[in-house]
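Trainee: Protein chains in written order, with numbering that gives the first Met the number 0: chain G, 0 to 447; chain H, 0 to 200.
Honestly, the hints are just simulated from the structure, not real lab data. Keep in mind that a hint or two might mislead.
Computed, partial: chain H to chain G, Cβ under 10 Å [stated by the list, open to error]:
no. : residue
1   : TYR42
2   : SER58
3   : LEU79
Cβ pair distances, simulated, as ranges [to be verified]:
no. : chain 1 : residue 1 : chain 2 : residue 2 : range
4   : G       : ARG45     : H       : ASN38     : 45 to 53 Å
5   : G       : ILE437    : H       : VAL73     : 30 to 38 Å
6   : H       : THR104    : G       : VAL274    : 40 to 48 Å
7   : G       : GLY249    : H       : ARG27     : 51 to 59 Å
8   : H       : THR143    : G       : THR62     : 16 to 24 Å
Even for Gly, the Cβ is constructed at its ideal location relative to N, Cα and C.
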Amino acid sequence: MEPTVIGAYGFVVALVLMFLRVPIAFVLVSVASVCSLITYAWRPGRDFDFERGIRPALSLIETNAFDFIHSYSLSMIPLFIAAGHIAYHTRITTDIYAAVRVWLARMPGGLAIASLFGCGGFSAITGSSLACASSMGRICVPEMLRFGYGKQLATSTVAMGGTLGSLIPPSVLFILYGMFTEQSVNKLFMAGVLPGVLTMVGFILVVVIWSLWKPSDAPIPDELRYTLRDKFKAGLKGWPALALMTIIIGGIYGGIFTATEAAAISLAFVIGFGVISRRLKWADFLSSLKETAYQTASLFFIAIGAKIFVSFVSLTGVTGAFVAFVAGLGLETWMVLFFIVLLYVGLGMFLDSIGTMLLTLPFVIPVVEGMGMDLIWFGVVVVKLLEIGLVTPPLGMNVFVINSVVTKEIKVHTIFFGVMRFLVADFVVLGLIVAFPIISLLIPNAMS
Amino acid sequence: MKSIHSYLPPDPHGSDPEYCGPGPKPVRKLRGCLSWLENAFIYLGAICILIMGVLITASVLLRTFGNSGVTDEVTIIGELMIGALILPLAYVGADRGFIAVEIFTQKLGPRFQQVLNLLTAIVGLLAVMPITYAAYMTMVDAYTSGGYFFGMLQLPKWPGATAFFAGYFLFFLRLVDLTVTDLLCSLGVIKPRPDLPSEEL
Chain G
0 MEPTVIGAYG FVVALVLMFL RVPIAFVLVS VASVCSLITY AWRPGRDFDF ERGIRPALSL
60 IETNAFDFIH SYSLSMIPLF IAAGHIAYHT RITTDIYAAV RVWLARMPGG LAIASLFGCG
120 GFSAITGSSL ACASSMGRIC VPEMLRFGYG KQLATSTVAM GGTLGSLIPP SVLFILYGMF
180 TEQSVNKLFM AGVLPGVLTM VGFILVVVIW SLWKPSDAPI PDELRYTLRD KFKAGLKGWP
240 ALALMTIIIG GIYGGIFTAT EAAAISLAFV IGFGVISRRL KWADFLSSLK ETAYQTASLF
300 FIAIGAKIFV SFVSLTGVTG AFVAFVAGLG LETWMVLFFI VLLYVGLGMF LDSIGTMLLT
360 LPFVIPVVEG MGMDLIWFGV VVVKLLEIGL VTPPLGMNVF VINSVVTKEI KVHTIFFGVM
420 RFLVADFVVL GLIVAFPIIS LLIPNAMS
Chain H
0 MKSIHSYLPP DPHGSDPEYC GPGPKPVRKL RGCLSWLENA FIYLGAICIL IMGVLITASV
60 LLRTFGNSGV TDEVTIIGEL MIGALILPLA YVGADRGFIA VEIFTQKLGP RFQQVLNLLT
120 AIVGLLAVMP ITYAAYMTMV DAYTSGGYFF GMLQLPKWPG ATAFFAGYFL FFLRLVDLTV
180 TDLLCSLGVI KPRPDLPSEE L
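Here chain H stands alone, though its shape is the one from the complex (with noise of 0.2 Å):
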């Protein structure tokens, strides 16, 4: 479900949207710590999602072999839901890894890629924002309401909302990134190495 990309031999220079040019030291200080984030958060989305085959095939062993199962299994599953598909998005961003059509545009010259790759950024950023915020609001609400999903456990909810508004806050904070780096390059600010693909400018 990777773009074809993934699958074509490796660009020796990769996809880092940190090619424009290296920026002042903050600039880059603050996208180690992004970067270091969002590979602490693809890992933990990781964890969950071997810890689900863990609970789910122990739910099966147990109700098969001993009459009995996970409590409250389904609750548990979706809140890893959560953590396994909302925490890697920004490490997916950054990596600009999400399919897109690609058939009618790769033959435009790099000036128009730099456009497009705004374009895609601004496009991004919109798409976002609005989940990002109503992620907030729904953390809050977790959190001020002491919600909690019905069950034997009682489990709160607040721990799954943590996790959506986290993982969208920083796929936002990678998006911003990529948005005033390639609104930079599009302008000629800063320059795009040379030697790239230009579909990948």
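Isolated chain G (complex conformation) (with noise of 0.2 Å):
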């Protein structure tokens, strides 16, 4: 059987089985293992032999699933995610709302963008968007809406705030992109930093309309006045959150240490930091390390599935096809790009955003290079593709998570109407990103 053949049915029996709610790395692994061993074994012209396809298909699978693991630079993640966790129970991560919020008490959606600077600092710090929604939920949209706040508002923000961290440094997405196309994590992170802060003032900018155009969404709350006093002493409130962004990318940028190095750093600064301030809870210590192990093992099958995927799709040849049918198109780069926007936006509505970038790039990458764009640059295009898939309907899953922890009388319905706002301006800013590479490329380009 011809590979390229093998290939193909692969990939669309992978697609079925995940509509399916089969685990994504369940099926990337199934699969691939599957047809490789159909690959090795049904060479072209020949007949099925089993004995001839085992042993290499076999050898395809043990050097992926270890090697692939047995490395010092991805032991970023799970460095990252612990003191992510760490953070929360510490209550750095909320901190951030708590000191923001004293400041802008008194501006027009002074609150949402408080929210909106607290979810950013959250996530970045804890790399997810959905501890985000949840936990930030909790805390932003009761308050919005105590101090007379529309519904649209108060849950909208929260969910477009938790998307921040995709962007912002240390960032999973970046860190698995980086790997899966041999590019520098540090470039990736510091390439972030700039559409992210685009990306912030973007939905700053959509609070203030709004807060202009329909002031009893956003009313300002007679009760929150603050001193001078008062400010200073919420503002030192946040320095912990500061440190250690300063760490990460002050760390990185200035060449002090690499972004594994980094990872640990953080982890060792707020494990102190929560013991110092007795913050941090023998009991909660554990639960952060267990949730971190749970959640490193979860997203590395995934990774390893996605390996293992890749190999057997550049066993069956069907990457080269599939960059020799665009080539054959004669598109301009415009237009490749533009059916990538399309390809992503559309997956991203269905499927969640590791899934959606290790499936996608074995064939997307080799068409890109081809085409001469900078892969650093396509890494923050990608991100912020998959970013705007954590809020568009149907399956937007931040949405959901806020509709969960939010009063049951605000509908699903209503926080994606209110997301629509937001996505204008993460539309605005993507088409920024894609017409001046420059807004990516320009800190990493600096870099020491």
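With the hints as a guide, bring both chains together as one complex.
Mentor: Pasting the structure below:
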């Protein structure tokens, strides 16, 4: 049987199984294993020979499953996740909101903007948009509603704020993208900073315009009046989060340490802070580590699956055929990019971000590389698109999580309608990132 | 990165695969052992993560203040990664905590959900079986050849290979248990608890 045909069938079977809610990791590993065996055992023009196929197929599986994770640089993922969990238990993440809220209380939409800052900081430190939506949804949304904020504005702000963590370092999506495309994670982290800031500015603009256009949705609460002393006191609360971001971004940018080392130092910092401030309880420490092991294992099993799947795809030559097909179409660069955007927005509506990225990269990267595009810049575009997928209907996981933690009177469609306004800003920022690659590449190019 | 359900309000019954009925005493005992091992393995994985953090931090501090470092750091971290990532897999599997796309199937009835659970368990077995076998071969090779990593300490390869096999073997056992349970559920031999939401049946 022709390997490309096996590859195409494998891809279709994988999609069908995924839509039948078989876990993505199981689908990738099983389809790649079975199809690799068939590819090796059923060479073109020859009969099927199980004996001939089993040994190389097992070797392919073992090499990808073991060697991939026996890695120093990938250790940054569990370390960053552990730092995020412990930062949450030591209240470093929620203190960001408490600090900014005091400063912005008297501004139109001030509480919503403070929520954006809080969510951005939370999701950047913990690396999880869903955890952010779940935790900050319980803190920010009830408070905004208590002060008379509109339901759409209150809920959609937190749903959107949680997505900011995908671009702001440390981002698990960037780490996985870097590993699968062999790009520097340090550079990817730095490339995400300006687009992350730009997205934040875009969201703030949406809140301000919304508040000015419909003041009843964002009243300025009379009871929230703070003196300068209060503001400075509140500002001090945010120092651990600021220090953590400085360690990560400053340390990597200044060439003081690598991303992996930054992860370990971040973990040491949050544990040290938790112990000295007596905010970290032994039980929380243990549950943080256990939760980290759980999350990391779940995440890496997908990554292992994707690694085996990528090897299978290249074995069958499907990628080459796909690249030749795209080249044969003679499309302009902007048209290819347009189709890639459509692909990611479409898949992002139904698949989760990691699954979408790992499933598409083997096909998209050779096309993009062949057209001479910068893979660091393209990584930012992909992560931005995946970030959008977190809030687009019908899946929009952040929206469902927010919906589950707020009052029952708020329906999912209410949150989705609010999110639509922010999505305008998101697509404008995406357009800017695509049109001006310098936005992404300025900092990595200036790195020492 | 966990399933979306981890962030939704807790299901009072959890997703414990044992809900499908208590089963005979020896089976319950075996499941108890399996759960105990899964719990022990996830804590071992957690300890590996903590040790990685300590080692890398120590290495940075030694480099900054002592012009030295941790010997064979890269190899040790690589070995610890195996423990950190593979040992907790069985625990995650028992919790049905792997990410899946649920949007297209969540409206289907309980009967379909049972069949889909069975399909998941079978595909899971199909995925884990070859890796477990390959892990076994690697472990045997590490013991028989006495292989070691190049470096100052010449660290042996067997600890990582053993952890790799142990993690996947336990995961495989859990998937066998899930497959049998889901098969019996979908055949109606044992009854799922009636008060569970349909997608968890």
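Trainee: Give a verdict on every hint.
Mentor: Checked hints:
no.: 1; hint: TYR42; result: 7 Å, holds
no.: 2; hint: SER58; result: 8 Å, holds
no.: 3; hint: LEU79; result: 8 Å, holds
no.: 4; hint: ARG45(G) <-> ASN38(H): 45 to 53 Å; result: 49 Å, holds
no.: 5; hint: ILE437(G) <-> VAL73(H): 30 to 38 Å; result: 35 Å, holds
no.: 6; hint: THR104(H) <-> VAL274(G): 40 to 48 Å; result: 46 Å, holds
no.: 7; hint: GLY249(G) <-> ARG27(H): 51 to 59 Å; result: 55 Å, holds
no.: 8; hint: THR143(H) <-> THR62(G): 16 to 24 Å; result: 19 Å, holds
Comparing the model with each numbered hint stated earlier shows that all of them hold.
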